[in-house]
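Numbering (my numbering) for the sequence shown: 5 to 924.
Hints may contain errors.
[Stated by the list, open to error] Within a straight-line C-alpha distance of at most 27 angstroms, the following computed DSSO-like cross-link-like pairs (lysine-lysine) qualify:
#	residue 1	residue 2
1	752	661
2	791	677
3	388	236
4	247	385
5	362	146
6	385	407
7	388	362
8	263	146
9	264	407
10	350	362
11	352	236
12	247	269
13	763	752
14	146	247
15	362	392
16	350	247
17	235	352
18	346	264
19	235	407
20	235	350
21	264	388
22	263	346
23	236	385
24	385	362
25	752	765
26	352	392
27	263	350
28	247	264
29	763	791
30	350	385
No wet-lab data here; the hints were simulated from the structure.
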Amino acid sequence: MNHRCDKSYNLKTARIFHQFRSFIGSLSLCLLLFPFSTNAHEPYWQSENTQPTKQENSESVEGTGDATPTLALVGATIHTLGPQNVIDNGVVLISGDRILSVGGPELTVPDGVPTLDVSQLVMTPGLIDASSQLWLTSAAVKSTASDASLNALDGVDGYDEQWQEVIRHGVTSVYVQPASNGTLGGYGAVLSVFPTDDGPAVIKSFAALQASIGVGASNNRVRMQQFDRTKKSLNDAAEYQEKWDEYNEYLSRQEAADKKAAAEKESSTGRSGGSPDGRDSSVGPRSRIPTGRGRPTQRGVGTESESKGTDGADNDSSQSKDAKEGGENESNSKEESQQGKKAPEKPKQDDTKERLAKVVNGQIPLRLEIHSADDAHYALKLIKEFPKMQVVLSGLSDLRSAKDDILALTLPIVLGPWLSTEANYRDDPDSRSDWTETFGDYPGALVIASAGTSDRSSRLLRAHVGQAIASGIDEQRALKTVTLHAARVLGVDDQIGSLEAGKRADMVCFRGNPADISSSVCLVIAAGRVAFQEPGEISRTNISFPSSHVAGPLEVPPTLGERFAIRSQNALQRDGSFEPRTIMLDTSNSVVSMAPLDAPVDEGLEIIDAGQAWVTPGLFSAHATLGLESLLDPDLSDATDVVAGDVITIDFERENKCVQQGLLRVLLAPGDKNTIAGQSSLVQLGSQNQVVVREAGLKFNLTNAARDPVRFPSSLAGQSQMIAESLAGQLLDTRLYLPDPVQKRLSKQRTSRLDSLAKGKTWTIISVDSDADIRVALDLIERHQLKAALVGARQLRPFLGRLSALNVAVIARPLEASDYNWYPQDLALASQAGIDVFFAGESAEQLRLTASLAVEAGMSPQRALLGLCYGPAQLAHGNAESSDLVVWSQSPLNLGAKPLCVIVDGRIVSMSQRGDDDKE
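Could you build all of it, start to finish, from the sequences and the hints given here?
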């Protein structure tokens, strides 16, 4: 968005705008069918004029009776999100880039029309990310201003290929804008994810003006300066508009006076109609009003040359009129003087103020980002100063005392990110809980957005929706927040957001619940074209997912004895299936048994009826540090003596939150600072006896993080040499100054641990990153016959054969927003090859997100649940079943599921403390 663009960049931008103008031309019919509201004071997101007429069985585009369908989709369950609601076994006819008609099975598909069978799938409108960075250059996403001078379209890279990562997950439209650290940064636009030959199609330019108060402010003085700067810019625009209005009003009076004088002259000469010399009066100037005199509502934003040309036309026109009609002007001037009014001067054209005036008048929304109560105070003052302005709020992470004032406005609100994987996620206090508490039943328009920091963040939009549902947002409303409501807030609901005749043909077919990110996207249609199609038959039989039924609140008796039972229709078994079971527990944590659902129980035994709720063992993280790196990583290349379980304490900072989220078991590991990092420990969170297995596995580290130029080893070759020599009994001298007897005892202990590792008695965990790291790790495993698992591998596909042959497990590192789709696809391929896949993470959200996306990419839900809930068999140590259980509202692979009940050591953990615990 730098104005100093080189020539090639300007040419590329010009091509994009040329394509945009062509695209707008093709939409003229649709715009006539769906007119915008003409009331500037009516909020555009509440306008009824944009709602199509309801049809009983099917919809078709009026006035297009001769239109020929170019594509048909038949058999899906269609969530239109329009007047037709849900249509079973529905049919959609597409003509070009528009929806021709939507209906049930009675809608006939003409002969010869290409048809896609989407039976057993769920169809929705294309998803809309209302806060994205897709299509923007790396410089553009950081660019901002304080004078509204930027335009996001100037920073679009039409050759960016990241759209393929996003369209794959059902997102077909995105809103982009300048960075949020500017008080008035510039204008955003709604873009299609699926590009044309010249880059992304522009669905709407100047969709909103980015603004912020309090972003980057350290105190109220800075906030006040930001407020004053924004207010001054808007006031200047309002004054600019007033001057043009006054000038145009003057010209209108002049025109009326001219017409009156001409009529009187004709009456006095006895002529009626025509010019005095008999020529056609339509020839020559017919109006005193210059064609470019003011800020016409349909003029849009012209180029610099257009603005100059308009001014020139005005001057030439006024000069010619003054020369030819000097007498009339003189008499009018005298009339103005007699009335005490001075003829106003023509204002100077200013495109920036002209566009800002549209913001002040409510024609372009103001996207205002605020976070704290102090920010909200100044935002409320700004809204009162400019009552016609249409404001959309975003951020709102810490409103506190300003909640009621914001709720009273019922303005449109854009909330995101909901995933803590995003770098800009605010966790103090927990934004999601705060948002749900404040906006769960919000009467205004609510939109969920990824609001990420990567151009690929939009692909996780459904994950954000899932987290919102888990936090308390209704599922149906959550789906609308990324379709119809998003379109309304962006002012494009006449084109996208629902499946209705005449709208843009953007739609997605899912193999399951659209709000569940583990349900795969099978087909994406964008502008009437197939943008993505899953390999193979689209309508093949669904993968065996657990029932999509959502369990309600769980009734738990106020007091439970030492023994009680849980009955559930969906209890996870060791083969990954869900079966009806009665689970009997003992608070001694020594007796746990499962029986058929109708099995008799002891008389007087308390029974918790979980109904359709899902019951699983607590989630298992196969690698985590829980924020204890500083205690686990001494400055020693060989830290064999370090045992992770020795540093954990009861009620450490993250423990309670992990338990509340269903994460109950963790393989606590040292960090990546040392080549021989130390012993990992199996830890039971929430238990009085936290350390279950003190020495569960020795961790080696082959990543760059353990290489130090001032100590050995400083290279990958050195790391490999050090590990190989240690396994052969050649220990590196310790840097600790200890008495000889102590040194000998520690050396003997280190030798014993490494010997146990070499004999396959202990698990080996090897941290890797690059392909070179993986090759060295596999060589060490093969040479020393280690029982091992790799953690952190970025690419698995080239090594699947060796991983399977060596029986090496994979511990999947937490998925990041910037990761590519091939990462979960590699996890799915590894699982399909028979490789055990477990999941690493510092929170339940990280574990579930990685597992869900692996399932979406092709991993079976059964194997994903085994890796997510049971962990490595090497760590079971004969404990067939655990009394540490979680009762879920849905399958834990669905991010919309939330724990209804958590049981640790056979005792129920109170869930009522969640809100308080999260804020501590």
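Notebook entry, point to check: Between residue 247 and residue 264, does the CA-CA distance stay at or below 27 angstroms?
Noted result: 26 angstroms, holds
Item checked: Satisfaction of hint between residue 247 and residue 350, Cα-Cα up to 27 angstroms -> It holds: about 8 angstroms lies between the C-alpha atoms, which stays within 27 angstroms.
Notebook entry, point to check: Going straight from one Cα to the other, do residue 235 and residue 407 come out at no more than 27 angstroms?
Noted result: Within the cut-off at roughly 23 angstroms; holds.
Next item on the list: Decide if the proposed pair is consistent with the structure: residue 247 and residue 385, CA atoms, cutoff 27 angstroms inclusive.
Entry: 25 angstroms, holds
Check: Given the hint that residue 263 pairs with residue 350, does the C-alpha gap stay at or below 27 angstroms?
Finding: 22 angstroms, holds
Margin query: Between the alpha carbons of residue 388 and residue 362, is the straight-line distance 27 angstroms or under?
Written below: 17 angstroms, holds
Check: Would the pair residue 352 and residue 236 pass a check requiring their Cα atoms to be no farther apart than 27 angstroms?
Finding: Answer holds: residue 352 to residue 236 is near 19 angstroms, not above 27 angstroms.
Checklist line | Straight-line alpha-carbon gap residue 263 to residue 146, limit 27 angstroms | finding: This hinted pair is violated, its Cα atoms lying about 55 angstroms apart.
Next item on the list: Verify the proposed pairing of residue 235 with residue 350, using a straight-line Cα cut of 27 angstroms.
Entry: 25 angstroms, holds
Note to self: residue 362 and residue 392 were given as a pair; does the straight-line alpha-carbon distance stay at or below 27 angstroms?
What the structure shows: The hint holds at about 10 angstroms.
Next item on the list: Verify the proposed pairing of residue 146 with residue 247, using a straight-line Cα cut of 27 angstroms.
Entry: 35 angstroms, violated
Checklist line | Holds or violated: residue 763 to residue 791, with C-alpha atoms at most 27 angstroms apart | finding: 9 angstroms, holds
Comparing the model with each numbered hint stated earlier shows that hints 1, 8, 9, 12, 14, 21, 30 do not hold.
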